[in-house]
Amino acid sequence: MAISISQVEYVAKLAKLKLTEEEKIDYAKNLSAVLDYMEHLKEIDTRNVVATTHVLPLQNVFREDVVKPGLPIKEALANAPDQQDGYFKVPRIL
Amino acid sequence: MSSPETTTITSWNIRQLAQALQDQTVTSVQATEAYLGRINQIDSILHAYITVTQEKALADAQASDNRRAAGKILGPLDGVPMALKDIFCTKGILTTCASKILANFVPPYDATSWQMLERKGAVLLGKCNMDEFAMGSSNENSAFFAARNPFDIERVPGGSSGGSAAACAADLAVYTLGTDTGGSVRQPAAYCGVVGLKPTYGRISRFGIVPYASSLDQVGIFAKDTEDCALVLSAVAGKDEYDSTSMPLDVPDYTKACQKDVRGMTIGIPKEFLGQGIDREIIAALEDGAAKLEQLGAVIKEVSLPHTPYALSAYYILATAEASANLARYDGVRYGLRIEKDNVSDTMEATRSAGFGDEVKRRIMLGTYALSSGYYDAYYNKTLQVRTLIKDDYDQVFAGGIDCLLTPAAPTTAFKIGEKTGDPLAMYMSDVCTVPINMAGLPGLVFPYRLSGDLPLGLQLIGAPFGEEKLFTVGHALECPRLLPRDIITQAKKKGVVA
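These protein sequences, in sequence, are chains R and L.
Quick note on my numbering: the first sequence kicks off at 1 and runs consecutively.
Quick note on my numbering: the second sequence kicks off at 1 and runs consecutively.
So that you can see chain R by itself, here it is in the shape it has in the complex:
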């Protein structure tokens, strides 16, 4: 199953990645090879098989709703590339 350059461009857009022309060719080739290898999954009959999202016998893990101090704003912002007045600052959105 060959992945085309335009499919690579579409997926890159979804993943918010800007690829160089070289990368597009490389990923088209490599992703095609990997997906070809994975074709054999289609051999397995999975009708009526329940999906396993995680393996543990755990559901609805509850705890007491106790108020605890959170991360102080200064610490939460310590790694921010840009900040202002106690907020994360980003370039314009629109």
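This list has only true hints and no planted wrong ones.
Here are the computed lysine-lysine pairs in the DSSO-like style, where the Cα-Cα straight-line distance is at most 30 Å:
(1) Lys18(R) - Lys100(L)
(2) Lys29(R) - Lys18(R)
(3) Lys16(R) - Lys341(L)
(4) Lys420(L) - Lys13(R)
(5) Lys100(L) - Lys29(R)
(6) Lys68(R) - Lys91(L)
(7) Lys42(R) - Lys420(L)
(8) Lys100(L) - Lys13(R)
(9) Lys271(L) - Lys301(L)
(10) Lys68(R) - Lys120(L)
Covered by chain L, per the in silico footprint, the following chain R stretches (three or more residues, Cβ under 8 Å):
(11) 11 to 20
(12) 23 to 32
(13) 53 to 61
(14) 76 to 84
(15) 88 to 94
Derived DEER-like restraints, expressed as beta-carbon distance ranges:
(16) Ser304(L) - Asp82(R): 54 to 62 Å
(17) Tyr10(R) - Asp392(L): 30 to 38 Å
(18) Leu14(R) - Asp423(L): 22 to 30 Å
(19) Arg263(L) - Lys29(R): 50 to 58 Å
(20) Glu340(L) - Pro57(R): 42 to 50 Å
(21) Lys493(L) - Ile93(R): 51 to 59 Å
(22) Asn48(R) - Lys91(L): 42 to 50 Å
(23) Lys292(L) - Pro57(R): 29 to 37 Å
(24) Gly37(L) - Pro57(R): 46 to 54 Å
(25) Leu14(R) - Glu340(L): 21 to 29 Å
Hints were generated in silico from the structure; no laboratory data involved.
What you are looking at is a predicted structure, and each value in this text was computed from that prediction instead of being measured.
The C-beta atom is built at its ideal place from N, Cα and C for all residues, glycine as well.
Fit chain L to the given chain R structure using the hints.
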């Protein structure tokens, strides 16, 4: 009494060092200095560390010595120098995940597993090298430098926790922690001749480890032998209120399992693990190990796990799908790199494109594709169903009276640096023996069995959920005496590797 030689100190396992600390033949500061000295001497060749936390290590060692003098030690790990894969958040200490996008990230909190060790007096030597975001099988995907295998510095230490494995093997730490999503502790443990454990999913808190594929990720341990490994597991396992997937189960003293007899145990050999692509020497070692277990009174049975051949494909779809979602957080807003553009969307694109390495982008692309409209059912959903079938295979085998399974740890011993970098699929194949265990959430223990030429050869034991004790019993019976790499500086001189 004169102090032991530096090289003697760094060769000790946890119990030996703990005993020497108790006997006061050595102090924690002396042991820590010995390790820092060795790191200083040879890590410019091995690149096992990304960050060495010298000042903190010496301060923590001094604090440990002070506790000991006051008769207030915190257990057998108090004062013992160790290291963490650079994926564990460490408060106030650089945590890069071997990525340019986190090159300056200093976490405001600690990973729970690290916090538990620190509260037991662990001395942190530093943060170990790895494949970027734990994506890789050779440590060559580190954005900074590739770590080398101490047994042959022209070979890879394995991955993704390659630095942690190399550090433990080359006596650059007494023990180390890593993470294992598809074999990232067990495969490098096999390549570097140390013990590597991936516990059951839910045995150790995942809080504070940078996530790759959350339904598969688990904290793992590298140690010089099974008993050290058991000692560390007893210290880091347990329920954590910050990780809802950590299981509320009692934590036994796992070291006791190392003293138990394998007599009467039933060990399964899954025939699907002995197929094409596995080196004949590894299969021979496995057969040898099985014979040894029989001599010790265990029963060996051939078993079948029919969906094993599908596990690698299913794993790479599931892991990359989860990764593509997890890595959406690197958007240049709250932390990490930002490449500023005119608007926020262009900023995110520029940041991610500049900050992620090649393999990380490749996996984000594969995962995004598998989750995209029109392909979701064919890939992602199908994979989750295949996971059920894989898990059912194991459930049936263990329900049939098998105590644990013996398999190869990897298809080959350590391969050459650069050998597989051009072929992602060939690289993925090196995980074929380890990924099924993550898909089923089971515990897996890799231990060194013998040398094959100059290179360590490891075998893997797989247990039922939360069946770690049986793995320690069998692993302890089968592991070879500790394997030691040849002198690193001599190797570097001989091979013309410049530090």
